[in-house]
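Listed below, chain by chain, are the residues.
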Amino acid sequence: MSFSKETVYNLAKLARLGISEEEATQFAGQLGSVLEYVEKLQEVSVEDEQYRYPVAGLENIVRPDVLDASGTMLHDALLAEMPAREGDLLKVRAVFE
Amino acid sequence: MELSSLTIEQASAGLRKKEFSSVEITEAVLKRIDSVDTNVHAYLSVLEEEAHIAAKMADEVLGRENTAGSLLGIPVALKDNMTMAGTITTSASRMLEHYRAPYDGTVVSCLKKEGAVIIGKTNLDEFAMGSSTENSAFGPTSNPWDLSCVPGGSSGGSAAAVSADECIYALGSDTGGSIRQPASLCGVVGLKPTYGQVSRYGLIAMASSLDQIGPITKTVKDAAIVFDAIKGADLRDASSARADRKSTLGTITGDIKGLKIGVPREYFIEGMDLEIEKATREAIEVYRSLGAEIIDVSLPHTEYALAVYYIIMPAEVSANLARFDGVRYGFRDEDAQDLTTLYQESRRKGFGAEVRRRIILGTYTLSSGYADAYYKKAQKVRARIEKDFAHAFTQVDCLLTPTTPALAFRKGEKSADPLTMYLEDIFTVSANIAGVPGISLPCGFASREGNNLPMGLQLMGKHWDEATILNAAFSYEQATLWHVRRPDILS
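Protein chains in written order, with the working numbering: chain U, 127 to 223; chain Z, 455 to 945.
In short, the hints are calculated from the structure, not lab data.
Do not rely on the hints blindly, as some may be mistaken.
To be verified - When the alpha-carbon atoms are kept at most 25 Å apart in a straight line, the in silico DSS-like pairs for lysine-lysine are as follows:
1) K139(U) - K803(Z)
2) K803(Z) - K131(U)
3) K803(Z) - K217(U)
4) K510(Z) - K566(Z)
5) K841(Z) - K166(U)
6) K471(Z) - K510(Z)
7) K166(U) - K830(Z)
8) K139(U) - K830(Z)
Sequences and hints are given; from them, build the entire structure.
Put into structure tokens, the structure is as follows:
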């Protein structure tokens, strides 16, 4: 399975991931060999197998929503993690030009 | 004997008999970190002040009552992908270099409730992606048995810290072997519980259908003590809904007469280290002499486990790490003028190469037109692998394999070729894929250029049945005593 530099660029764009030209070439080779390795799954016939979330018999676990009244300490700690803010507001780049 | 080299059991007994205080044991561990961590680099941060406060509180409790739990006053290290309120939690990434966690993860709440002394946060491969701890944005950790070698990963800092007596025990997380493989390479015990036994609330997510938190300790009984303290159902992690709080420690007797141990033939592969194969065969004989019945079994889809893993894991990684976008928290590239550039450049500068490789791989296998061929196919083979285990467990009580195909390797040896590094997990990923519990414990040493390097034995059990593998591990440990050897390279 070969993987082109252009494919890597395109995927990086989809994943909102900046990537240099040199890295794109390197990743293309490395990911190509990983994809070649995982190709071996095509040997297994699983037509009769159910697609499911298969771990430890866990399925559709629900609970009612609860109001978390943790108060101002958590509020302040969360605000402190914002990379840029004005008062209690998070500053972001414009979404619409 | 230095206080830092004690096990949980020994430390707990000593504290109760007032042979030493929690403050003394905490200071001994801090001193040990001070003297060896420049060489080992197991820690990303040491919480000296917080540890002192917790130790003093523990001593007060110990002065008042004798009913306290066995983790009270004992220093523990946390892998730095677990949140502890008010402390920096980096996941060994530039993305979270300055991130101060606003809340305690559930395992941290459990430890605090027990009165544990949290001494620091340990190094890991960035976002737990790797098998050598070389992918840390803050420099690699060294293997205490040979400083030129890697400690394994991704919980390499936790395993090295336990091995080098820089804590009494530690917590790690295991997505494809990240507790067991470093435990094996560092000569300590590592338990990956059943998927769903321990809440992941507060664990920075890597691959959510595989991630599980567990203990890294000096002995098997210590692993049981820690496991009992951190397991249980938690409303904040729906995958833990079935877990219970019954004591596992109480069921460990060391008596394994009549225990049926399966040896899957697919785990003895061409190219594996001959000394590891020999040590594993010898361990089988030890088990036979202890009264276990050894049964040849087959897990026919074993050879596909790693391929399944390298589809499912990156797919989940690409989804989980989408949250790191430079907007709400974490690293933001302030030079970026528009929103798209801000996303791209924050993620380029914030993430290391391995993290970005996996995000790209996951984006590919989930993308339109490929998801059926890759992700859904992998999920179906995953179901087959789980059935292999279910079938084997109709014949046997647990399974015995080597933990790794090779000994600790030199730093830099495998970093150029990701696929070679991925093969490190070949014996450990199946347990994550099937969701079953697995433990690695020391099973001997191999000599390499004048240094002794530890080898690990893996036992895997039925869903929710850690008790059986812990008991079998304890029985072997007591018969062989490999675990009492500590690296002397540092002293």
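Results for each hint:
no., hint, verdict
1, K139(U) - K803(Z), "15 Å, holds"
2, K803(Z) - K131(U), "20 Å, holds"
3, K803(Z) - K217(U), "20 Å, holds"
4, K510(Z) - K566(Z), "13 Å, holds"
5, K841(Z) - K166(U), "19 Å, holds"
6, K471(Z) - K510(Z), "17 Å, holds"
7, K166(U) - K830(Z), "15 Å, holds"
8, K139(U) - K830(Z), "24 Å, holds"
Figure legend: structure checked against the earlier numbered hints; every hint is met.
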